[in-house]
Amino acid sequence: MAAEAVTSKNMALAKAINESLRRALDSDPKVLIMGEDVGKLGGVFRVTDGLQKDFGESRVIDTPLAESGIVGTAIGLALRGYRPVVEIQFDGFVFPAYDQIVTQLAKMHARSLGKVKLPVVVRIPYGGGIGAVEHHSESPESLFAHVAGLKIVSPSNASDAYWMMQQAIQSDDPVIFFEPKRRYWDKAEVNTEAIPGPLHKAKVVREGTDLTLAAYGPMVKLCQEVADAAAEEGRNLEVLDLRSVSPLDFDSIQASVEKTRRLVVVHEAPVFFGSGAEIAARITERCFYHLEAPVLRVGGYHAPYPPARLEEEYLPGLDRVLDAVDRALAY
Amino acid sequence: MTVESTAAPKPRRSAGTKSTAGKRTTAKKSPGTDPELVQLLTPEGKRVKNAEYDNYVAGITPDELRGLYRDMVLTRRFDAEATSLQRQGELGLWASLLGQEAAQIGSGRATREDDYVFPTYREHGVAWCRGVDPANLLGMFRGVNNGGWDPNSNNFQLYTIVIGSQTLHATGYAMGIAKDGADSAVIAYFGDGASSQGDVAESFTFSAVYNAPVVFFCQNNQWAISEPTEKQTRVPLYQRAQGFGFPGVRVDGNDVLACLAVTKWALERARSGEGPTLVEAYTYRMGAHTTSDDPTRYRGDEERLAWEAKDPILRLRRYLEASNHADEGFFAELESESEALGKRVREAVRAMPDPDHFAIFENVYADGHALVDEERAQFAAYQASFADVEGA
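First to last, the sequence lines map onto chains A and R. Heads up: the first sequence begins at 1 in UniProt numbering, then just goes up one per residue. Heads up: the second sequence begins at 1 in UniProt numbering, then just goes up one per residue.
One thing to keep in mind: the hints can contain errors.
[Said to hold, decoys possible] Only pairs whose alpha carbons sit at most 25 Å apart, straight line, appear in this in silico DSS-like list of lysine-lysine:
#1 Lys40(A) to Lys179(R)
#2 Lys179(R) to Lys30(A)
#3 Lys179(R) to Lys53(A)
[What the hints assert, rightly or not] Okay, the calculated bits of chain R under chain A, using three or more residues with CB under 8 Å as the criterion:
#4 73-86
#5 196-205
For the record, the hints were derived by calculation from the structure and aren't laboratory data. Idealized CB from N, CA, C, for every residue including glycine.
Here chain A stands alone, though its shape is the one from the complex (with noise of 0.2 Å):
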């Protein structure tokens, strides 16, 4: 082996998360990690596996059995300086901790005139697909999207995961980072010298020139592999992993849109009120001469999350997506 530095490793999103915590918990004796079973355990997940080790039970908190209060202490934690990274387990448990997200750590710093700062990020493994019993497998990022004073953002592979974490954690605003959980035991190079790019602009992922498919978190790969499918029909269509749903990078849609002149816009929760319902309101008003179609959304149903069994046909599969795509250039 070269005496270099190797700074490219290829790890899994899981790990890349992890490593990211690590990295934060060692730069800055502020960040704290907290959450049910994040400590010995390392994590339903195994995301935070051996940080409690390294970095002892006061800075990596297995916590009492209460969202609620998770996310409560975190809020009072931030405003003593701390800057503490709380764990979800499971996105269908985060409603115990919607009121204290809500009310108190999305509205506090403007209650203040801008006096308190609340560095808090709220990790939250979210998205099916993986087979889960109720309550495992939603999505429910435009429940988030809609209050202002969150900002957020979900990755869709580990360099971004890394990254974008490393990024989450340095904002002083709160961050909700959805991970898409189908996605954790994906590998991916991740470059841990790389200099990021911004943490709420969206990426083209897959250059095209007939239609655009706008996803972010565990949809993105679904988008790519629609892409490679439609390819093999002759059509050539651009991918967009936005990264963040708050804010939405809508320049850099309005720019893919004005190339490709039609959207579709996939995501695993519902289509009603979700994030697709946004993007077409906007782009309809951003690129309403550049339009070809409208913008088509694929999407959940209006459903509670369906047994396992029933999930393949309620998620977004490469046929739905393929589907949309030819509605969409048939116009």
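Using the hints, position chain R against chain A.
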């Protein structure tokens, strides 16, 4: 365990006493009809000895006693002025603390400068003790801001309207103090109604598990808007602490000396690493819940009259007079100071400007947000469209 290790008193604490919790008889009995509470000053103004808490006010000077009296009188005067200002249309709403002056001044004066206070929206007396300008409290009630003071200037957090939320913030802050190795303490205010909130129960759990230096100061003013304490609990509230593993004590909330002594004791426990304490200040909301409330719909005068006889200010005045700690000159001077405060607050509120329209978009985020910027620009363009018309 923290409960066993305290060398402090037993009889009125939940810890170590035999609880009646769970017995069916407690539901019918009002938890507050015959409160077993710590009292140092009777309603008649007589100083009564208390072996357990006397030493927490043992060195108190006549000057300090007059100071407590002055605090209570000025707080009541400020509160009355705010009620008047609401009636005059200068404030949208006011939540009066009338009757709770002793609970707030006693506990507030027990805090140290480096301690941190997490109030509800009625802690005007505590704010006074912390040195928050009374006029600043009125901004949110006038509708010019949603807070308006820097919490870190006086270690006095913004008022919290969502009931009970602040007890978790207080607990987290106290956990931070412990991590820092500091000997400061935190005091979290809440009421009898809030005691039913899950957040309060969770704050008890977290503070107990992490042995956080926090005092939970519950002002049981008997009413959560229209619901009496019986609708919140079937055991006296201070007994709730027992199940969480820390002491609870009920204090006469209309006795400023007792509130001072008990809070000092609880804060010292916190500082010395003994963890949380629940103090239930047994008091009475003499006025309406807020200026929008009409208590005649749910409670009679008899109760109010009975509590009037226990007035916190009157009893300290009786004591000061009987012990020759204050003369007529003191009371007369305080009277004019009160009027001056009322005038100053009145003028400050009337002079309070409406916020700039663009304040809507200020401080939504610390690091900015593209959508807020975009909407601010849209709003500016919309506003500017009117300027053109007017300028034409």
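These are the hints, each one checked on the structure:
no.	hint	verdict
1	Lys40(A) to Lys179(R)	holds (20 Å)
2	Lys179(R) to Lys30(A)	holds (10 Å)
3	Lys179(R) to Lys53(A)	holds (18 Å)
4	73-86	violated (count 0)
5	196-205	holds (count 5)
Hint 4 from the list above is the single one not met by this structure.
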